[in-house]
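Asker: Chains A and B supply the protein sequences, listed in that same order. No gaps in the numbering here: position 146 of the first sequence is 146 in the UniProt record's numbering, and each next residue is one more. No gaps in the numbering here: position 174 of the second sequence is 174 in the UniProt record's numbering, and each next residue is one more.
Among the hints, erroneous ones may be present.
Copies of the same chain are indistinguishable here, so a pair counts whether it falls within one copy or spans any two.
What the hints assert, rightly or not - Capping the alpha-carbon separation at 16 Å, the derived lysine to aspartate or glutamate pairs in EDC-like fashion look like this:
1. K265 x E52
2. K81 x E274
3. K2 x E52
4. K265 x E236
5. K190 x D244
6. K190 x E236
7. K190 x D95
Derived from the structure by calculation, the hints contain no laboratory data. Quick caveat: nothing in here was measured; it's all calculated off a predicted structure.
Protein chains: 2
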Amino acid sequence: MKLRRSSRLVDMTHYLLEHPHQLVPLTFFAERYQSAKSSISEDLAIIKQTFEQQGIGTLKTISGAAGGVQYIPKISADEAKATVGYLREQLANPDRLLPGGYLYMTDILGDPRIVNKIGRLYASLFADRTIDVVMTIATKGIPLAYAVAHFLNVPVVIVRHDNKVTEGSMVSINYVSGSSRRIQTMVLAKRSLAEGTNVLIVDDFMKAGGTINGMISLLNEFNAQLAGIGVFVESEEPSERLVDEYISLVKLSSVNIKEKQITVKEGNYMNFIEQMKGDCK
Amino acid sequence: MKLRRSSRLVDMTHYLLEHPHQLVPLTFFAERYQSAKSSISEDLAIIKQTFEQQGIGTLKTISGAAGGVQYIPKISADEAKATVGYLREQLANPDRLLPGGYLYMTDILGDPRIVNKIGRLYASLFADRTIDVVMTIATKGIPLAYAVAHFLNVPVVIVRHDNKVTEGSMVSINYVSGSSRRIQTMVLAKRSLAEGTNVLIVDDFMKAGGTINGMISLLNEFNAQLAGIGVFVESEEPSERLVDEYISLVKLSSVNIKEKQITVKEGNYMNFIEQMKGDCK
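Bound-form chain A, shown alone (with noise of 0.2 Å):
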């Protein structure tokens, strides 16, 4: 269909937001829209300045005749700024409080807007590294896992604490709950990860890194890579960490219950964000 330029840049911006990371051959628009190449290029170059402006990401051109265009969402250090400040703020919120010095967290999970927020701030980071699949174990890291993926444009695959006879054929592992300090299993369906995959890691939740270290060990399990580790919360309590390189929006740092104070510190993201920053100099 024939469409003139206003509503061709709707349709444009629409079609590149729902395929983040994907190349989108200059064709491809030229034919839905029965429009010149050369229109087409002028509509990109007023989304792409538009998108860098107002913090959306950028649209990557990859010329030649396997070419195209690519939305890369990215968030800018200020909104990462917000958001994690927003984030420390809800946490610290004395009514989380549970008996055993858990936090309340369902609701902050619970909230698309939110995890779709995280989502964005991971793939924004993670933009230029080679990542195959999102993995996260059941339960609660599931929404963060997803709204990661959608971003990076990969699949999910979900390890589960019990084995779930509708998945096939599973490969187990035994881990070491680096808090508890009990031994545990982990499952993950023998079909959902190939060999040489590229791995992110993201969970909503990081005490030691036992249940981390097992994802880890899984990966070894299945001949795959590491290529990230993602966790919302970080507990500052243990001083040994089973893992060494993750990124964490906030750092759980101290619970006081008697007080009913709880201290959420910036977490380590925002120091990988201000270093982009300085790369892109």
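With chain A fixed as given, assemble chain B onto it according to the hints.
Answerer: Relative to the frame of chain A, chain B by itself:
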């Protein structure tokens, strides 16, 4: 920041798509772009026309002091038919057969692109109902629930089979699994559902409907109301169902393990979409 019309169209499209079902006052856009309200109205008319023409959805304008514009995600009957057809084809692949006659669906539910499409299908159909929350049960329904919830702009609550210590006090009920006739338990955090909430239940699979029936009992415990039920795959097998009104995308009609043949029909979703089409005349 003052923006030209072409850039405004790109940024407004992005903003509206990120905030489905949310009323945005025209003054918000007028201030954001330092533009007259009349220009903003013209922009919105272009976006509305394009959204409708391209099957993205529609814009609802509410006039008056408390008014504004609202993006309502919609899907055309043609796109719905194509998506349901694609899902039928995918599910009928004999490679999905697992021992016991189960179907491997992990790859489909692991693809954020497909999951988002299913989310848009349900959000379109339930667009005019009053829905405050999407409810699902761990684990496989979770991504679908978030996708629907995103497009409806409501939070997700997750019912569990196990009692997690990190969610505070829980309400627990026993229910009878319709197919296996075993007594099982499901729990939901007390804090996660307020009285009088209108709840859309979403799940990946329904056989006799015992699990969904359990979730309905749970709603009664919370004095919450059922606003609708959406299941991705229903099994045709049991002649007697515990649940009356539900909307399914596809229907697993028969699984022949010997012949390696899976028959997948359209669910009742398409009837409702066709009906809606009739209503618009």
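Asker: Taking each numbered hint in turn, which are not upheld by the structure, reported in ascending numerical order?
Answerer: The structure breaks hints 1, 5 and 6; every other hint is satisfied.
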